[in-house]
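Peer 1: Sequence:
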Amino acid sequence: MREDIQKTKLAKLEKIKVAGINPYPEKCERNLTNAEALKNFKAFKEKKTLILVCRIKSFRLMGNA
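Mapping to my numbering: the sequence shown position 16 is 439, numbers consecutive.
Check before you lean on any hint, since a few could be wrong.
[Unchecked claim] Straight-line distance between alpha carbons at most 27 Å, and here's what the computed BS3-like set of lysine-lysine pairs gives:
no.	residue 1	residue 2
1	Lys440	Lys465
2	Lys450	Lys462
3	Lys462	Lys438
[Unchecked claim] Label-pair ranges, simulated between beta-carbon atoms:
no.	residue 1	residue 2	range
4	Pro448	Arg483	25 to 31 Å
5	Leu473	Glu449	16 to 22 Å
6	Ala460	Glu437	15 to 21 Å
7	Asn445	Met485	28 to 34 Å
These are calculated hints, taken from the structure and not from any lab test.
Idealized CB from N, CA, C, for every residue including glycine.
The whole structure should be built from the sequences, with the hints applied where relevant.
Peer 2: Laid out in structure tokens, this is it:
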């Protein structure tokens with residue numbers, strides 16, 4: 424099953440590249456800080472594109488186990 428997931432991810436990555444989008448851009452223009460997004464999340468009444476910047480520091484496959 425892991426191979427299927429990897430193939431799916433690679434296929435999605437290829438679609439992004441074919442569309443002319445750099446999946447790993449060097450720079451990104453954010454329009455909101457993470458703190459502002461969390462603070463005002465419920466206040467967003469209309470659909471809006473939010474550009475946030477973050478870094479994943481840890482990832483656990485097993486949750487809290």
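Peer 1: Work down the list of hints and note, for each, if the structure agrees.
Peer 2: Checked hints:
Annotation: proposed proximity of Lys440 to Lys465 is violated, straight-line Cα distance about 34 Å (limit 27 Å). The straight-line distance between the Cα atoms of Lys450 and Lys462 is roughly 25 Å, inside the 27 Å bound, and the hint therefore holds. The straight-line distance between the Cα atoms of Lys462 and Lys438 is roughly 34 Å, outside the 27 Å bound, and the hint therefore fails. The beta-carbon spacing between Pro448 and Arg483, approximately 27 Å, falls within the hinted interval of 25 to 31 Å.
Take Leu473 and Glu449: their Cβ atoms lie about 21 Å apart, and the range 16 to 22 Å holds. Taking the beta carbon of each, Ala460 and Glu437 are about 30 Å apart, not inside 15 to 21 Å as hinted. At about 33 Å, the beta-carbon gap between Asn445 and Met485 stays in the expected band of 28 to 34 Å.
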